[in-house]
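Residue numbers (the working numbering), protein chains in the order written: chain A, 100 to 206; chain B, 136 to 980.
Each hint should be verified, as a subset may be incorrect.
[Claimed, not checked] The following label-pair restraints were derived from C-beta to C-beta distances:
| hint | chain 1 | residue 1 | chain 2 | residue 2 | range |
| --- | --- | --- | --- | --- | --- |
| 1 | A | 138 | B | 852 | 40 to 48 Å |
| 2 | A | 203 | B | 598 | 27 to 35 Å |
| 3 | A | 157 | B | 870 | 50 to 58 Å |
| 4 | A | 143 | B | 605 | 26 to 34 Å |
| 5 | B | 460 | A | 143 | 22 to 30 Å |
[Unchecked claim] Covered stretches of chain A, as calculated for chain B (at least 3 residues, CB under 8 Å):
| hint | segment |
| --- | --- |
| 6 | 117-126 |
| 7 | 149-158 |
| 8 | 176-182 |
| 9 | 191-200 |
[Claimed, not checked] Chain A is nowhere near these chain B residues, computed Cβ spacing over 10 Å in every case:
| hint | residue |
| --- | --- |
| 10 | 466 |
| 11 | 469 |
| 12 | 609 |
| 13 | 636 |
| 14 | 684 |
| 15 | 812 |
Just so you know, the hints here were simulated from the structure itself, not pulled from any lab data. Built from N, CA and C at the ideal position, the CB exists for glycine as well.
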Amino acid sequence: MRSVGTLGIGLWLAGPIIWATHFIIVYASESVACTRLDADSHSLIAGIATIIALASIAFIAVRSRAGRFRDTAFLRTTALTMNLLAFLAVTWAGIAAVLLPSCTGVG
Amino acid sequence: MTSTAERETAELPNPLPRPRDELRRLQAVWAIPEGWRILSAVNNSVIGYFYIGAAFLFFVLAGVLALLMRVQLAVPGNLFLDQESYNQIFTMHGTVMMFLFAVPAVEAMGVLLLPQMLGARDLPFPRLGAFAFWAYLVGGLVFFSTLFFDMAPSGGWFMYPPLTGSRFSPGTGADFWLLGIGFIEISAIAGAIEIIVGVLRTRAPGMSLDKMPIFAWTMLIFAVMIVFAFPAVILATMMLELERAFDWPFFIPDRGGDALLWQHLFWFFGHPEVYIIFLPAAGMVSMIVPTMAATPLVGYRLIVVALIATGFFSFGLWVHHMFTTGIPAMSLGFFSAASMAVSVPSGIQVFSWIATMAAGRLRITAASLFVLGFLFIFTLGGLTGVMVAMVPFDWQAHDTYFVVAHFHYVLVGGMVFPLFAAFYYWAPAFSRRALSERLGKIAFVLMFVGFNIAFFPMHIAGLIGMPRRVYTYPAGLGWETPNLASTIGAFMIAAGVLVFLLDLIRHLRPTVGASAGNVWNAGTLEWLENDVHAARSVPFVESRDPLWEDARLSADVHKGRYYLPGTVTGRRETIVTSAILAEPQYVVRLTGPGWAHLLAAIFTAAFFLLLTVKLVTAAIICGAVAIACVVAWAWDTDSPSAGDVDIGGGIRLPTYAVGAASHSWWAMIILMAVAGALYLSYVFSYLYLWTVRPQDWPPIAPLASHAGWIASAALLCISAAALWASGRSIRAAVPRLWLTVGLTVVGLLTLLLGLGADVASHWLAGLRPQHSGYAALVFTAGFLQAEIVAAVCIMGIFACVRILVGLTDGRRSVVFDNMVLLWGYGLGQGALGLLLTHGFPRLGM
Ligand code: HEM
Ligand SMILES: [Cu+2]
């Protein structure tokens, strides 16, 4: 195993960090969209955020296999698996956000 | 990897024979104070023991409360407890179990096990750890005794306002909860900082992250989660206490507050809390299973991933506790999906354990029985968890006994059973004798069968409509049988715990030097021969199960053939290594026994508890004494460099480090993360209230003039300039220490004035915190900034005095550097506060 530096640790945790960012954006934008804009705009925001998040996870997963973690099996496989889990979690939450109606109760 | 046979003994770092009095001197510096003076001890083995003992005491006390509740509910219309007593008892049971048992118990296991497991001599901040323990014990005991004076809180363990506001809870019970638990959370954070730095910086040379025992991984993630989750509830308790004491209406809807804000903040902490409790317990299981199956853990990497993923995902679930509060449909679906996603990583762990058991042959010991019990109960709890994660089901089950059944399956299954497994597994490492297998198996059967008899019927009671938190119920609803069964089961659990206590009395003989040893033939370092100084020498780690890989390791370590076999500076010391690769970096000298940290803990507890009963003057005196004790304790922690020292194997290490290499720099950064998380929770509260109550914002409420923020920003800029200049002057080629002191004083004064200008501008515009939720939040920014400024000022005065008496200078600068870090943080937080409270209302949204 070799040292990867602070940036490397950030890259290693990229999947979960992107998941968290996506989560905050989708959740926080709902209340803003519903009070200041309209319901459709939120589905749009959530959809775009989800696509960007999924694309960046996929990109980082592919790149980090060759890049910084090339000769460190532990960091490489763990990063890859975390990206996979994050991809799943983003898809899951993203689908709910895009498909369900925003700004209404269930009533 | 070198195998045992290949390795020439001559390769080991230190030659034999060892100098005659090396061991004696090592034992002398690590000696534990005798007799009653043991109260001043700071060795992790002593504090760890006390800590576990205290946590177990609270488990028994809260368990007795559970029995009282079960007696009351055994039959319909029972008159054993009246309604108010029942309310106090279930509130105290839940609160004590969560805050005084579960979190401290796992933290205690970390304090006891981590140094030995990582090959360190002790944790990096022994007095901080001892302080955290004493604060918790004193605070917890006083908190518990409120029950005997009919002064206990009765609003449930999650303390929802408006029920807990001063209108509906006028007594002091709620204040005891808010101040007492707030204080105990601070002690948990102190412990978390110590654990993070310990795990990342004091591992044995060679133990890179991928060779770290899973338990250490879980404790690391546990501590990081505490750093980010606890501040949210600390902020919430602070705000509710400000509301109760000074009428700042954060949570009162008629006055521009919002009751759901509490729920958001509480559950942003409360859901991760469940995993904070569960992850270390899972870590214990990951240590026990490989030993009992005599085979390495299957899927080490997958488990690490699962732990990290759980740590992250668990922060995205909190709204599932609020499914019935009328939030929008999108949020429901979103959080429901997230709640189901989190079960994936937990599933990964369960399958890894099962695979490990299948790969080896599981020896059926008391410890493995508790692990199997855990797997069964926790998995069932996880399944009902997926059920209540589905919104339509939750609407039916919410606030019924189904939920009580669910979370006890998760908590008792996921935490209590692993803890008992851990007691049976690790007792031989810390006691002259192992615990009795026979009594252990009896305890297990009683607890396992009792648990299912007690809690399975609660699912049914809940589904046929029995609400939680009711002190009695009428006959004829079909609730009698499940309730009677639950009571019988609860007493079976109690019988199991009694058998365990009997086992402790008969067999547990605490020791630090003469333990029963590696009776299970385990592979990790805590099973090396230990004494007051932990292992005799610090091994070089080349694999995940070093004792399995190298049969002679134990003996060589014990003869002192590895690193640092004695004391090189005549003080307590341990090796600080790099965070990822564990390369030796320097030797840190650790503090020994003392009284100041103990007094500091007692007076801090007194400060909080006296505030509760509104004895403000006495509280302030105690607070001042506590600060004086902290200063006294901190005074001799920054020892000067003792030159380079030899730890063996040709490795010479410095004895002083500054900047990012220093372990105390790391602690300061983590403390700043805590402060930052607190402030972000505040920013969330401000923006949240704005989305639900925009009508209270300016221009309706008065807005501070431009002059206010301009003055404040200018003062912060001057402070920043002084900060920069004082940092340069202390490291200048020809240091002028008076200049450093002068610049620091100017910088601190302007920091203080910047805060004053900000608060004054709101006040002069006519805003008062009592006006509305909005106004209260504006002044909260000042309140939070005042806390940071006060801390920076105390550290600044401390640093200046040390500079003047020649104890701190450009090279021996840790005290000064730490102050500078927090000062810089304070400037950033101040600027963010200005942007939010002056800038945001001007956006005109
Ligand atoms: C081992 C035996 C235990 C028994 C017999 C037991 C029993 C009970 C009972 C009867 C209630 C009250 C239900 C109600 O009236 O709504 C309750 C509530 C609760 N228990 Fe336990 N419990 C046990 C262990 C634990 C443990 C180990 C924990 C946590 C680590 C825990 C956490 C809680 C919490 C958080 C509540 C909710 C309190 C509230 O409603 O505010 N319990 N328990
Ligand atoms: Cu939850």
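Outcome of the hint check:
The given range of 40 to 48 Å is respected by residue 138 (chain A) and residue 852 (chain B), whose C-beta atoms sit roughly 44 Å from each other. As the Cβ distance of residue 203 (chain A) to residue 598 (chain B) is approximately 30 Å, the hint placing it in 27 to 35 Å holds. Separation of residue 157 (chain A) from residue 870 (chain B) is about 54 Å and conforms to the stated range, judged on CB atoms against 50 to 58 Å. With their beta carbons about 47 Å apart, residue 143 (chain A) and residue 605 (chain B) fall outside the hinted range of 26 to 34 Å.
Range check, residue 460 (chain B) to residue 143 (chain A): about 27 Å between beta-carbon atoms, so the 22 to 30 Å window is met. Here's how the segment 117-126 of chain A fares: 5 of its residues keep a CB closer than 8 Å to some CB of chain B, so the rule of at least three is met and the hint holds. Closer than 8 Å: that is the beta-carbon criterion, and the segment 149-158 of chain A has 0 residues meeting it against chain B, so the requirement of 3 is violated. Taking a C-beta to C-beta cut-off of 8 Å, the segment 176-182 of chain A contributes 4 residues in contact with chain B, enough for the three needed, and the coverage statement holds.
Restraint check on the segment 191-200 of chain A versus chain B: 8 residues with Cβ-Cβ distances below 8 Å, three needed, restraint holds. Against the 10 Å criterion, residue 466 (chain B) falls within the reach of chain A, whose nearest CB is about 7 Å from its own CB. Chain A draws residue 469 (chain B) into its interface by the beta-carbon criterion, the shortest separation being 5 Å against a cut-off of 10 Å. For residue 609 (chain B), the non-interface assignment is confirmed: its Cβ lies about 32 Å from the closest Cβ of chain A, beyond the 10 Å cut-off.
With a minimum CB-CB distance of about 42 Å to chain A, residue 636 (chain B) clears the 10 Å threshold, and the non-interface call stands. Non-interface call for residue 684 (chain B) relative to chain A: holds, since the shortest CB-CB distance, roughly 17 Å, exceeds 10 Å. With a closest Cβ-Cβ approach of about 13 Å to chain A, residue 812 (chain B) is found to remain outside the 10 Å limit, as its non-interface label requires.
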